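*Asks:* Chain residues, written in single-letter form:
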Amino acid sequence: MTIGYGVGIGWRPEIGGFVAQLPGLRFAEVVAESVHAHGDLPVGLGELRDRGVAVVPHGVRLSLGGAEPVEPARVTHLAAVAERLGAPLVSEHIAFVRAGGVEAGHLLPVPRSREAVDAVVANVKRTQAELSVPIALEPIAALFDWPDDELDEGAFLTEILERTDALLLLDVANVYANALNRGTDPLALLDRVPLERIAYVHVAGGAERDGIYHDTHTDAVPQPVLDLITELCSRHRPPALMLERDGDYPAAAELRAELDAIAAASGYPVVT
Amino acid sequence: MTSLAQRQAELVAALTAGAAVPPGFDARLVEVARVALLRKRAGEVARQWPELAQALGTGWYRQWSAWAATRPTRGSLRDGWDLARELAARRELPAGAGAELAAREAIMTYDGETPPRARRMPAVRGAAGSVVVQIAGRVRVLRRG
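If you read the sequences in order, they're chains A and B. When the letters of the first sequence are read in order and numbered with the working numbering, they come out as residues 1 to 272. When the letters of the second sequence are read in order and numbered with the working numbering, they come out as residues 1001 to 1145.
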């Protein structure tokens, strides 16, 4: 993905009307599991694709970080949705969402161990075998770590990306949340991961509760996350950066202001 | 050392089913994650079952978290459905949430174990004083509780 798409947004049915009216939009993402592989596309999504907006399916239920092999039907669905949308790539998380047949209901961290790296790499390769486009992998925001971590975050990610040849979906809000909650420097990670492999960037809001920062996607994007975009782009500007909002949708003016703030922080043109 | 699969299952059980936090984890942080997860699920179920959440009012989150703390999610549609049925069985389903449950019961068959399926035949269902009829997939509330 070498084209500069600029500022994008996560398409959700609740804000579909707002997204449809963004004149400069060239990049959007949709939750892969919310799109039927063969039935009707959600209202408005086909129109976006038809006007030339790149629409990337973003999987949330594949469980690439699970010790068990990824479920073939889920991979087939992701591949089919990518084809339907004519997507230039797909994305998923470095996380697991179920184990022993029980759904966690959320993205959970995998240990940064050799054993877990092997499990992730095997699942990513199984997935890539079905896909006709590249996959970008997103490191998550985790509230806790495993006791058996052997690698630091940078080494862990770099090894997975090198062994799978996958792209990176960097979520600057996750980088911020993880660093804040661990008392580490978010900039340090930017120097440890292959920035030239970034396919696109997630930007989201969060909130602090009981001294812990939660990556909620339902609150405003805090200034330090925007500052992180500027720091990232001064090192290597990724092809696209997109706002992720998953509930408590604010008024259109507020969403527009957040998109404009991402444009200002990255140096890309405004899309509103 | 137990396998990664085993340890992942233990962690999920701690987060969703009230099992003990596996050794070595920061119990405080896992508890923070467990509560955050319940809160996130509450929001998803409230979107899927707006009348249920609204009718329970200030008691919604308390009722929800007491019910959900030991039940891993089966999707927000089924989670809300199971909770509404349980409240109805205890005669604790608020009248304001009756029509919503009755409508779901009239539109779909749900055995509580496998995913709900659309009904092919007309159906009349009632809950908490509301009565709903479904014909050809269209629902009419005959009486609101």
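For the record, the hints were derived by calculation from the structure and aren't laboratory data. Owing to the predicted nature of the structure, the values given are computational and were not obtained by experimental measurement. You may find that some hints are simply not true.
Claimed, not checked - The following label-pair restraints were derived from C-beta to C-beta distances:
no., chain 1, residue 1, chain 2, residue 2, range
1, A, GLU14, B, VAL1141, 39 to 49 Å
2, A, PRO194, B, SER1003, 38 to 48 Å
3, B, ARG1138, A, GLY247, 24 to 34 Å
4, A, GLY16, B, THR1058, 50 to 60 Å
5, A, ASP118, B, VAL1141, 51 to 61 Å
6, B, LEU1029, A, ALA155, 21 to 31 Å
7, B, VAL1141, A, ASP152, 57 to 67 Å
8, B, THR1109, A, GLN223, 44 to 54 Å
9, A, GLY211, B, PRO1115, 16 to 26 Å
10, A, PRO72, B, PRO1115, 13 to 23 Å
11, B, ARG1047, A, ASP152, 35 to 45 Å
12, B, THR1109, A, ALA122, 34 to 44 Å
13, B, ASP1111, A, HIS38, 23 to 33 Å
14, B, VAL1141, A, GLU103, 29 to 39 Å
Where is the CB? At the ideal position from N, CA and C, for every residue including glycine.
*Asks:* Each hint: holds or not?
*Replies:* Outcome of the hint check:
In this structure the hint that GLU14 (chain A) and VAL1141 (chain B) lie 39 to 49 Å apart at CB is violated, the actual value being about 25 Å. About 30 Å separates the C-beta atoms of PRO194 (chain A) and SER1003 (chain B), a value inconsistent with the hinted range of 38 to 48 Å. A beta carbon spacing of about 29 Å between ARG1138 (chain B) and GLY247 (chain A) agrees with the range 24 to 34 Å that was offered as a hint. The beta-carbon spacing between GLY16 (chain A) and THR1058 (chain B), approximately 32 Å, falls outside the hinted interval of 50 to 60 Å.
ASP118 (chain A) and VAL1141 (chain B) have their C-beta atoms about 56 Å apart, which keeps the hinted 51 to 61 Å range intact. For the pair LEU1029 (chain B) and ALA155 (chain A), the supplied restraint of 21 to 31 Å holds, since their beta-carbon distance comes to about 22 Å. Distance hint check: the CB atoms of VAL1141 (chain B) and ASP152 (chain A) are about 58 Å apart, consistent with the given range 57 to 67 Å. At about 51 Å, the CB distance of THR1109 (chain B) to GLN223 (chain A) agrees with the hint of 44 to 54 Å.
Distance hint check for GLY211 (chain A) and PRO1115 (chain B): the Cβ-Cβ separation is about 40 Å, which falls outside the suggested range of 16 to 26 Å. A hinted range of 13 to 23 Å for the beta carbons of PRO72 (chain A) and PRO1115 (chain B) is consistent with their spacing of about 19 Å. Distance hint for ARG1047 (chain B) and ASP152 (chain A): a CB-CB separation of about 38 Å, consistent with the stated range 35 to 45 Å. A hinted range of 34 to 44 Å holds for the C-beta pair THR1109 (chain B) and ALA122 (chain A), which are about 39 Å apart.
A beta carbon spacing of about 27 Å between ASP1111 (chain B) and HIS38 (chain A) agrees with the range 23 to 33 Å that was offered as a hint. Judged by the Cβ atoms, the range 29 to 39 Å given for VAL1141 (chain B) and GLU103 (chain A) holds: they are separated by roughly 33 Å.
In summary, the numbered hints that this structure violates are 1, 2, 4 and 9.
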